[in-house]
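Peer 1: Here's the letter readout for the chains.
Protein chains: 2
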Amino acid sequence: MTWRFALVIQPAGVDDDRRDFSATFRTIDPAEPALSVGELSTQRGDGIFESIGVVDGHPQEVAAHLDRLAHSAEICDLPAPNLEQWRQAVARAAEHGERRGEGVIKLILSRGVEHGPAPTAWVTASAAADFTVPRTQGIRVVTLDRGYASDVPDRAPWLLLGAKTLSYAVNMAAIREAKARGADDAIFVTSDGYVLEAPTASLILKFGDRFTTPAPTGGILRGTTQQSLFDHLREEGYETAEELIPVDLLARADAAWLVSSVRLAAPVTAIDDTRIELDSGLTQAFNRYLLTPRD
Amino acid sequence: MTWRFALVIQPAGVDDDRRDFSATFRTIDPAEPALSVGELSTQRGDGIFESIGVVDGHPQEVAAHLDRLAHSAEICDLPAPNLEQWRQAVARAAEHGERRGEGVIKLILSRGVEHGPAPTAWVTASAAADFTVPRTQGIRVVTLDRGYASDVPDRAPWLLLGAKTLSYAVNMAAIREAKARGADDAIFVTSDGYVLEAPTASLILKFGDRFTTPAPTGGILRGTTQQSLFDHLREEGYETAEELIPVDLLARADAAWLVSSVRLAAPVTAIDDTRIELDSGLTQAFNRYLLTPRD
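Protein chains in written order, with my numbering: chain F, 4 to 298; chain G, 4 to 298.
Please keep in mind that the hints were generated in silico from the structure rather than gathered at the bench.
These numbers come from a predicted model, not from an experiment.
It is possible that some hints are incorrect.
[As the list claims (entries may be wrong)] Label pairs and their calculated CB-CB ranges: (1) G:Leu-252 x F:Asp-212: 24 to 34 Å; (2) G:Ser-25 x F:Glu-35: 49 to 59 Å; (3) G:Ala-34 x F:Asp-19: 23 to 33 Å; (4) G:Arg-179 x F:Gln-13: 21 to 31 Å; (5) G:Arg-29 x F:Glu-238: 54 to 64 Å; (6) F:Gly-119 x G:Gly-104: 14 to 24 Å; (7) F:Asp-32 x G:Thr-277: 47 to 57 Å; (8) G:Ala-34 x F:Asp-70: 49 to 59 Å; (9) F:Ala-83 x G:Arg-213: 44 to 54 Å; (10) G:Asp-32 x F:Glu-238: 54 to 64 Å; (11) F:Asp-157 x G:Ala-34: 55 to 65 Å; (12) F:Arg-213 x G:Arg-179: 37 to 47 Å.
Note that CB positions come from ideal geometry on N, CA and C, so glycine has one too.
Model the full structure from these sequences, guided by the hints.
Peer 2: So this is what it looks like as structure tokens:
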């Protein structure tokens, strides 16, 4: 699959209720220069994003991603996105993709060009990498201190915790640190000993027949894939919970996964020095579900 | 002054000792598209930067800024920049500027295009805004919790504290928060009550004839303007210190300034609800010194 597509969007106001936003889209060559050096996304990481998985031409959980985009915009004092416009942009990107296989559509809303009048926005789409190995053989993770105590997000909203901002240098550094330690990925923990999330994924733990994830308080991004999977698990009769999880509990999990929109469910086989059992049956069921078309 | 200039750089290795790096520079129109949407600077805030003040055609403290660029690159696992190449790029940008007035030259080193082979780099230059009002009438600041305890930077290097990364969304949000509170700027403090720095400036406090700034430990960026000013103050016979400063001490300062490369010395007239005396004589002397050509 060699799908590559990009679209620049002229952001519309939330009150713009036209039926067809095509006139606000401009298709570009994703390899060609498209952004000026004055872009605040590039100078300051000042903007927000979403990554939407695509399966056989179907963009997954679009509404949940757009809701989160709006939530991030609110936290970052960005103009509220016109969600119908973004929905049409996602549909356009998906139409230009392959009918078979997996892909990823990224939405970016930047504060715009420095001293400029308006935000800039664009959508990119491409084939996904092959995640067969992490999905079947699992990943090793290390815990890394995020540096914040668990009460910080609520009292310091300017830290933008809970927004999916373009300022992801720390998230990328955490993954490099994990790899330097011989692992594949990281789990952030608070400085007072509670589990948060992975730099680009949510954590799900299984204890007996109960599935749990760290409660999406201010410091944790609401995981669209985790929420979809928990809805499915409840339908299947399992118990699910969102709660405060002390770091000590990680080593006692019967199974663990990092879940995200594109890699989907990656079973965790080790957390720091503790081996975790890989539950192949459940992992296959998770990814089978996550690879069905979902809205 | 209408100076606007931009240069894309093909980053050279540190071992490249050619005399003339002109062949690695490409002048571009700063308003035209120059970066692809695949840029990791824009997708992840994944890169580093420096802002160099320019006075009457002379770029200030270039060596100190380049040293800090190299330091940031090391913290972020970016390839070490060839400092002679960057020095020549700064000189080229300064040559294209106005001979009179103030400007700013920005250096950006990005991790490059996603899945690409090499970092991307560019330099922009433009006239500075008019900072007469903050320099003469002063600024009101509020203290904002940075969310980290003072021992965090040393034990969590993946938080990239001390590197000047492109992930500045929180710094920008802090300035918005300050303005929402009716102030002009912010001073970050640790969650355990020590003073750090402003989102884009260093803090200098005066107690009697002694000048002090928060010690540049892992959590604080070494301030090139603050260091230059402290060198000057010591030559003038003043005592200077870099130390741990409890938040309580702020209200007892005889005078205070936020200093940075382009706005230079902005006297602080209020910290939260405490009025601070504006020392006009010293402030004028500071800015007179900072506006002389410095290397």
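Peer 1: It remains to establish, for every hint, whether it holds in the given structure.
Peer 2: Against the structure, the hints come out as follows:
Between Leu-252 (chain G) and Asp-212 (chain F) the C-beta distance comes to about 56 Å, which lies outside the given range of 24 to 34 Å. Taken as a hint, the range 49 to 59 Å is violated for the pair Ser-25 (chain G) and Glu-35 (chain F), whose Cβ atoms sit roughly 25 Å apart. Take Ala-34 (chain G) and Asp-19 (chain F): their Cβ atoms lie about 27 Å apart, and the range 23 to 33 Å holds. Remark: the range hint 21 to 31 Å for Arg-179 (chain G) to Gln-13 (chain F) is upheld by a beta-carbon distance near 24 Å.
Between Arg-29 (chain G) and Glu-238 (chain F) the Cβ separation comes to about 57 Å, which falls inside the hinted range of 54 to 64 Å. As the Cβ distance of Gly-119 (chain F) to Gly-104 (chain G) is approximately 23 Å, the hint placing it in 14 to 24 Å holds. Here the CB-CB span from Asp-32 (chain F) to Thr-277 (chain G) is close to 56 Å, well matched to the stated 47 to 57 Å. Judged by the Cβ atoms, the range 49 to 59 Å given for Ala-34 (chain G) and Asp-70 (chain F) is violated: they are separated by roughly 35 Å.
Taking 44 to 54 Å as the suggested C-beta distance range, the pair Ala-83 (chain F) and Arg-213 (chain G) conforms, at roughly 50 Å. Range check, Asp-32 (chain G) to Glu-238 (chain F): about 56 Å between beta-carbon atoms, so the 54 to 64 Å window is met. At roughly 42 Å, the beta carbons of Asp-157 (chain F) and Ala-34 (chain G) sit outside the given window of 55 to 65 Å. For the pair Arg-213 (chain F) and Arg-179 (chain G), the supplied restraint of 37 to 47 Å holds, since their beta-carbon distance comes to about 42 Å.
In the structure shown, a violation is registered for the earlier hints numbered 1, 2, 8 and 11, in ascending order.
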